[in-house]
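Each chain is listed here by its residues.
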Amino acid sequence: MAYIVTCKGEERNIGVEERHPGLYTVHLGGKEYLVDYHESRDNLLSLIIDGKSYEVDIEVSESGEMYGVDIQGDHFELEVVEEKKKKLARKLSAAPSGRQEIRSPMSGNVCKILVKQGQPVEPGQVLMILEAMKMMNEIKATVAGVIGSLKAKEGVPVATNDLLCVVEPAE
Amino acid sequence: MPADKLFNKVLIANRGEIAVRIIRACQELQIPTVAVYSEADRASLHVRVADEAYCIGPAPASRSYLRTDTIIEVAKRSGCDAVHPGYGFLSETAAFAELCAAEGITFIGPNPDAIRTMGDKVAARRVAAAQDVPLVPGMLEELKDDGAARQVADTIGYPLMVKAVHGFGGKGMRVVERPEDLARLVRAARSESFNCFGSRAVYLERCIESPRHIEIQIFGDKQGHVVHFMERECSIQHRRQKVIEEAPSTIVDEELRGKLGEAALRIARAVGYDSAGTAEFLVNAATKEFFFLEMNTRLAVEHPVTEAVTGTDLCKEMIRAAAGLPLCFQQQDISFRGHAIECHIHAEDPDHDFFPIAGRIAGLRTPGGPGVRDDSGMYEGLEVPPYYDPHLAKLVVWASTRERCISRTRRALSEYFVKGIKTTIPFCERVMQNEHFIAGDYDTTFIDSRFVKEDAAREKPHQEVALLAVAIKAFRSDQSQTRKSAAISDTTLQAESGWKMSGRIKR
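Chains as they are written, first to last, in my numbering: chain F, 132 to 302; chain W, 1348 to 1854.
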């Protein structure tokens, strides 16, 4: 099977073949790797590659396409899509929208909203303050755009993953 | 041992890892323990390890862990003759210590007057000034009139700090860089202070730029003896929260150690200090000038660093001192042996701005091996509630030299796995690999400024491995999906034929 893995905006083609359960041949960047794979417990992997042993901590998003990977203190965020699906998705949406939904990373209390609907925002700009675990946490925009809808209200508690606001791409 | 038991039973008015730490000390002293818990903490580890446990109210701390009346009532009902407050919550509330005394219950901590004086940061500054201990330049009284703030600020000079008079733990503080931000940041500090400590009082002091945060562990008994356990280096801070501590400090030599220790003892003696406490200082690494910052009148979060490097059990000594026993050590008995490092394991996502994370600990593997201590409130299956601070555990590592201690800490962190929620473990691993940390070249601004940049720019040698891992993981999940749908269509076929068969029998 062929996959397209996106890491920091860069796409890499990876081919995976199963030799037998637990042993895989992987093609990546013109090289062939023989990987001995053992999932010690859900999402905690032990890999042996060319005699080197690695412990890999993985987190998979609900959609099954976003992966958070931790190896010896290093953190990677990767998108994994099967090649065919990726091609199909490309055809369906020729232009990426750039619309960003800002969701609450955890349950807490929205104590201050610093933006108004229709206001242009810069990446890194603080949009609101969420009080959680006795700390004031800044919720920031990651892309430039305009505040589309503002769902959060000051003083109103939110749950994890609740929609706080939407940053629409600036025209 | 039971013949000279220090207390009949001790109530621990706290939760999480520190409650577990205190229960361990009591168990070793063969004192039965009583845990208290909020409705959100029924599943907390401290409830299970204590001999008795009582619910004291709903999740918000103001309705449970801060309810002095309920806690005293539980202590009396369960036959406790002492209360240990841990850190945070009621540990620095003089009124609670007085209430305990009035009810005939020993408060395991310093006398209420010492708590009150040192809990008022401005009063503490006046005590230090009277003892000729150098202070961070600033106010010796609270800021009463916001209109006058500008004038006071001009005398102190910018950048300056607005600080909560009754604050601790890095909360209720703001740095003011420019005069035009002063009014806004004074308001912000007042409001955070009110939320955290129930008081709006603030004062202004100069912001010492790029200092080292070095604190002295002090210890006193009820006979008037006070000793110090030398320093802890706590400059590795993120947003003014300590994340990694070590002892000894790389910048403290014997001369400075002596001066800091003497200064801390003068302050402690001035308030008749009679328990475990910490005198905090800011130190200029180049000139070795030091300034008294404040004193914490409780068992320090980072007390295990000192325990590891001096071979004492401060938590147990604190219980002995509260029972009226004299110190069993003198100043000359106390010396450093080797090096210790402590890493705070917080429920925060270090790769997303340290956002706090509540959730279920789906998997856990704790480190072991020589020189490793894990003070933790975690277990597999624990739901970390969103109501309290994000402390999960403290990893304390000891080795004979600093260099060996850093490698051992790296080794221990690589063994530590927490699944289900994000923790600061990967962040601590990266600090242990940072060349400036390894060289001992850092100050309180290091993490938020230099480290963040270096960390983002550093090479990630394991990217290939990450790519291989996710590709195989995705492949396996696709394979099992295919197999599952194949299995489903198989059973559907069988079921259909089953109906037909029974149909045939009926016929």
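Simulated from the structure, these hints should not be mistaken for laboratory data.
Virtual Cβ for every residue (Gly too), placed ideally from N, Cα, C.
Any given hint could be a false lead.
[Unchecked claim] Label-pair ranges, simulated between beta-carbon atoms: (1) W:E1488 x F:E269: 42 to 48 Å; (2) F:D173 x W:K1606: 24 to 30 Å; (3) W:P1526 x F:E213: 54 to 60 Å; (4) W:Q1374 x F:H169: 43 to 49 Å; (5) W:E1730 x F:H169: 41 to 47 Å; (6) F:I179 x W:T1597: 44 to 50 Å; (7) W:D1680 x F:E190: 31 to 37 Å; (8) F:G195 x W:Q1374: 42 to 48 Å.
[What the hints assert, rightly or not] Okay, the calculated bits of chain F under chain W, using three or more residues with CB under 8 Å as the criterion: (9) 206-214; (10) 250-258; (11) 271-282.
Here's how the hints hold up against the structure:
For E1488 (chain W) and E269 (chain F), the Cβ-Cβ distance of about 33 Å falls outside the hinted range of 42 to 48 Å, so the restraint is violated. Against the hinted window of 24 to 30 Å, the Cβ-Cβ separation of D173 (chain F) and K1606 (chain W) comes to about 54 Å, which falls outside the hint. Take P1526 (chain W) and E213 (chain F): their Cβ atoms lie about 59 Å apart, and the range 54 to 60 Å holds. Judged by the Cβ atoms, the range 43 to 49 Å given for Q1374 (chain W) and H169 (chain F) is violated: they are separated by roughly 39 Å.
The hinted window of 41 to 47 Å between E1730 (chain W) and H169 (chain F) is violated, with their beta carbons roughly 29 Å apart. Checking the proposed 44 to 50 Å range against I179 (chain F) and T1597 (chain W) shows it is violated: the Cβ atoms sit about 39 Å from each other. In this structure, D1680 (chain W) and E190 (chain F) break the distance hint of 31 to 37 Å, their C-beta atoms being roughly 49 Å apart. Distance hint for G195 (chain F) and Q1374 (chain W): a CB-CB separation of about 46 Å, consistent with the stated range 42 to 48 Å.
Check result for the region 206-214 of chain F against chain W: holds, 6 residues qualifying (beta carbon to beta carbon below 8 Å, three or more required). Remark: the region 250-258 of chain F is not confirmed as covered by chain W, as 0 of its residues place a Cβ nearer than 8 Å to a Cβ of that chain, below the required three. For the region 271-282 of chain F, the assignment as covered by chain W is violated, since 1 residues bring a beta-carbon within under 8 Å of that chain's beta-carbons and 3 are needed.
When the structure is compared with the earlier hints, violations turn up for hints 1, 2, 4, 5, 6, 7, 10 and 11 and for no others.
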